[in-house]
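Participant: Sequence:
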Amino acid sequence: MPVARITLTPHENDLAMGRFLIDRSAEILEAAGATSVQKVYPDRITGNCSHQHGTTRMGDDPATSVLDRGCRAHTVSNLFVVDGGPFPTGTGANPTLTIMANAWRVAERIAAGRDAASRG
Numbered sequence: 104m105p106v107a108r109i110t111l112t113p114h115e116n117d118l119a120m121g122r123f124l125i126d127r128s129a130e131i132l133e134a135a136g137a138t139s140v141q142k143v144y145p146d147r148i149t150g151n152c153s154h155q156h157g158t159t160r161m162g163d164d165p166a167t168s169v170l171d172r173g174c175r176a177h178t179v180s181n182l183f184v185v186d187g188g189p190f191p192t193g194t195g196a197n198p199t200l201t202i203m204a205n206a207w208r209v210a211e212r213i214a215a216g217r218d219a220a221s222r223g
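Reminder that position 114 of the sequence shown reads as 217 in the numbering used here, one-by-one numbering, no gaps.
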């Protein structure tokens, strides 16, 4: 049986964005009073990465959150966000499985709603 081979070749912009984040992080550390900041710029993608969270916070109050409990936008009726954005902070471990589980949960709710609408 054949085995899939996946090859990742980063675009120069991927590396540029990484350098940008490193520079901004160093600025934050220096502004906070760090006395020694060492910037280490990647020259390739190694599998290590940062997992952004909280950009589309999930909650009950549209004044303090972007998404409801079902990850649907408060202000856009058919927009769902199922990446790391709904979570206010990162966990102590890789969030991939949590993100996948949440995406599955949201997809099931979307599908159930469509099924109900088609029967009505």
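Keep in mind the hints are simulated off the structure, nothing from the lab. Backbone N, C-alpha and C fix where the C-beta goes; we use that ideal spot for every residue, glycine too. Check each hint, because a few of them may be wrong.
[Said to hold, decoys possible] Simulated restraints on C-beta separations:
no., residue 1, residue 2, range
1, P113, R160, 27 to 33 Å
2, D163, I125, 23 to 29 Å
3, F123, T199, 38 to 44 Å
4, P105, D126, 23 to 29 Å
5, M203, A176, 32 to 38 Å
6, D126, T158, 17 to 23 Å
Participant: Does each hint fit the structure? Answer for all of them.
Facilitator: For each hint, the structure was consulted:
1. P113 <-> R160: 27 to 33 Å: holds (29 Å)
2. D163 <-> I125: 23 to 29 Å: This hint is violated: roughly 36 Å between Cβ atoms.
3. F123 <-> T199: 38 to 44 Å: violated (23 Å)
4. P105 <-> D126: 23 to 29 Å: violated (43 Å)
5. M203 <-> A176: 32 to 38 Å: violated (21 Å)
6. D126 <-> T158: 17 to 23 Å: holds (20 Å)
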